[in-house]
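If you read the sequences in order, they're chains S and W.
Note that the working numbering numbers the first sequence so that position 171 is 171, with each residue one more than the last.
Note that the working numbering numbers the second sequence so that position 74 is 307, with each residue one more than the last.
Everything labelled a hint here was simulated from the structure, so no lab data went into it.
Be careful, since some hints might not be right.
Short derived list, chain W residues pointing at chain S, Cβ under 8 angstroms [claimed, not checked]: (1) Leu301; (2) Glu304; (3) Met322.
Over 10 angstroms on every C-beta distance to chain S, these chain W residues come out as not near it, computed from the model [claimed, not checked]: (4) Gln261; (5) Asn267; (6) Gln268; (7) Asp305; (8) Arg320; (9) Lys325; (10) Ala340; (11) Val343; (12) Arg344.
Positions of the beta carbon are idealized from the N, C-alpha and C atoms, including for glycine.
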Amino acid sequence: MAGRHVLITGATRGIGEALVRHCLDAGDSVFGCGRTPSAVSHPQYTHFCVDVTAPAAVAQLFEDVRTQAATLDVLINNAGVASMNAIVLTPDETARRIVDTNVLAPFTFTRLAVRLLRRSPAARIVNLSSVAVPLRLEGEAIYAASKSALETFTRIAARELGQFGITCNAVGPSPIRTALVAGVPDAKLQAMVDAQAVRRWATTADVVNVVDFFLRPESSMITGQVVYLGGAG
Amino acid sequence: MSQPLSASPQPPAARRLASDEILDLVLQTIRTSNQSRDAASQLEVSPGAVIFGAGSPLDSLGLVALLLDLEDEMRAAGCPVALGDERAMSQKRSPFRTVSSLVEYIATIVRE
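Start from the sequences, fold in the hints, and give me the full structure.
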């Protein structure tokens, strides 16, 4: 279905930017948000410089989307932060920032987006999880816990929002060379890749492929699912 | 194109609806939503009607759908509100339990 109205969080770089470009190539109108300006320049793209953990700014973003588009067909909760650290050495503030960004922000975006999504004939929500959930890696406790919460949220949202024809799914990327993992030792990431069924680094295109599957009109029976890349889980 | 929020168009100022106007919108929303329900699931259209809990055919998901429809009606009337409350699903204390408690709840929000 071309010509959708799509909202993508964390749209400035990495997976988010790849999703923006993919949807624009498909003929969609895309709203993106991130803390910094976007490098994407396209007549069908509107970028908002917004901190997804700031409720008032997010509410204003939705007012603007409503004004410009009246409806939404797709919400992709991509914005996320990671921190590689032992539980004992992780400051409370870091843990709160991770939960705020990875759990509470997708909750707020979903809550507000439902008002616009329920008019769509093929409404979709896609959340970005991580293979850190099934792998239960040491040093990623709070990050993996936040993504685990997001997966549970995804499954329950699928049940609550099914009455409106809205599907809600998640994709869990395996290691990709993006800014999110810049602080993680390469040897640790390589060990994760070597433990996968498919032993290669993933690319943003691999994530886009799964998201694209969720977004298809033919995927209206696919909801409450989490798909991991590389055979994890 | 990058667009800072400060450049965003501002929505028009919200109207402050009176309680009888809110009641009319609530009843109209119930009438409209009844059109998509079967005969056994019809909500009573009156100021004293029960919306949620004992005596109502609505389950929690039905309540959500009704309140989202009502938000749309309120917005169309120039008075956008967000109908969310931590007591929403309480069988005894929900502000959405009856038409009259819902109207009172909305009137309080509108006054704030």
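message: Flag every earlier hint the structure violates by its number, smallest first.
response: Result: hints 3 and 7 break, sorted rising.
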